[in-house]
Structure formats: structure tokens, C-alpha cells
Amino acid sequence: MVSSVTNLGRSGLYDWFMQRVSAVVLLAYFLFIGWTMLAGVEYESWKALFAQTWMRVFSLLALVSLCAHAWVGLWAVFTDYLTERMLGSVGNVLRLLAEAVSALIMFTYFVWGIQILWGL
Amino acid sequence: MRLPITAWASITHRATGVFLFAGIAVLLWALDGSLSSKAGFDALTEALSHPLFKVVIWAVVSALIYHSLAGIKHLIMDMGFGETMAGGILGVRIVVALSVVLILLAGIWIW
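Chains as they are written, first to last, in my numbering: chain G, 24 to 143; chain F, 33 to 143.
Hints may contain errors.
Capping the alpha-carbon separation at 30 Å, the derived lysine-lysine pairs in DSS-like fashion look like this [what the hints assert, rightly or not]:
#1 Lys70/F / Lys86/F
#2 Lys105/F / Lys86/F
#3 Lys70/G / Lys86/F
#4 Lys70/F / Lys70/G
The hints are simulated quantities; they were obtained by calculation from the structure and are not laboratory data.
My request is simple: use the sequences and hints to build the entire structure.
So, in C-alpha cells, the structure goes:
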């Protein structure tokens with residue numbers, strides 16, 4: 024049982040589930056974007072696509088999924104390698120620093136993404 | 033380091049995940065430019081014709097391809113398929129083979 028206070032869902036099972044739900048959303052989004060770009064993109068059609076409410080909902084869902092997915096994934100990496108066992112006591116400091124910096128980057132992506140989607 | 037192929041696949045899945053976290057900045061920057069205005073869209077198209085940008089985009093797309101395929105493999109294994117050592121090794125070989133093909137196709141598409 025995961026007892027860390029920095030993992031996303033306070034439980035390994037919840038993190039496992041969120042990682043998969045967010046992965047499916049992101050896969051669907053990137054496949055859709057890839058398929059759209061392969062079909063050929065002009066400024067007018069591209070702009071019109073992102074002006075649709077459903078596309079903004081889909082994009083925001085992908086953005087939220089990205090943050091959750093990155094949190095669970097990076098947490099797994101940081102807590103495996105940036106540890107006291109691997110690096111000594113400095114490992115704990117580095118891990119919390121890495122978690123804080125990555126959280127700040129995720130939040131920045133989230134706000135930036137909203138600005139892009141709503142043309143702010 | 034002498035590790036089974038499944039371990040290398042797992043490490044690469046993690047490495048591409050960390051790389052993609054940074055790569056998302058490039059994709060958001062491109063999305064920002066593409067939606068800002070007609071001039072912004074044209075400027076982005078112009079920038080992306082530069083070989084250096086093509087390499088960056090190809091690197092991000094390549095990581096996305098491998099990370100996605102390795103992720104799909106996880107979902108299939110979660111359903112109980114290929115959980116043996118032999119199944120795991122076969123799964124990695126399929127993921128690597130498909131990745132190589134799709135990454136080459138992506139390269140052709142970008143250039």
C-alpha cells in the first residue's frame with residue numbers, strides 16, 4: 024500500500040487506474056490530431072476546428088489527462104531513482120524539488136493550454 | 033548492464049515519458065502559433081521547414097509513437113494476455129518492430 028503523500032490518488036490502485044484512463048484519452052486525442060494533420064491542414068479549417076465546443080472539450084480533457092498522466096508517471100520515476108537509498112539524504116531533497124518543479128511545469132502547461140484554446 | 037529485453041523496453045518507456053513531458057512544450061508552442069493568426073500559422077509553417085525543427089518534431093513524434101505502443105502493450109497485458117516471460121518478450125519485439133516502421137513513416141512524412 025502506497026503511503027506517500029505526493030502520489031496523485033493516495034493509493035496505488037487509484038494511480039494505476041488514472042494512468043490508464045488518461046492514457047486512453049491522450050491516445051485518442053493524438054490519433055485524432057495525427058489523422059487531421061495527415062488529411063491536410065489549412066489555417067481556416069484548423070482555426071474552425073478549434074473553435075468548436077466539442078473540440079475545446081476534447082482538448083481540455085486531453086490537457087487534464089496529460090497533467091494526471093505526467094504526475095503519476097514522473098512520481099513513479101522520481102520515487103524510484105531520486106531516493107535516500109540511491110543518493111543518500113540529498114535524494115529526499117532532490118525528489119521533492121523535482122516533484123515541485125514538475126508540478127509547476129504541469130500547471131503552466133494547463134494555464135497556457137487554456138489560453139491557447141480560448142484565444143486569450 | 034546485462035538486462036532482459038523487457039527491462040530495456042520498460043526503461044525506454046520511462047525515458048520517452050520524461051522526454052515527452054518536455055516535448056509537450058514544443059507541441060503547445062506550435063499549437064499556440066498555429067491558432068494565433070494567419071500570419072502566426074504561416075510563420076510556424078515557415079519555421080517547421082527548417083531542418084533543425086524537423087529533427088525536433090521527429091524526435092517528439094518518435095517518442096510519442098514508442099510510448100503509445102508500449103502503453104497499448106501494457107493495456108493488453110492488463111487484460112491478461114502475454115503475461116508469461118515468453119509473452120513479454122514477444123510483446124516487446126512487436127512494439128519495437130511497429131515503432132521502427134511508424135517512426136520511419138513519420139520521418140518520411142515530416143520531410
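Each hint, compared with the structure:
no., hint, result
1, Lys70/F / Lys86/F, "21 Å, holds"
2, Lys105/F / Lys86/F, "28 Å, holds"
3, Lys70/G / Lys86/F, "23 Å, holds"
4, Lys70/F / Lys70/G, "9 Å, holds"
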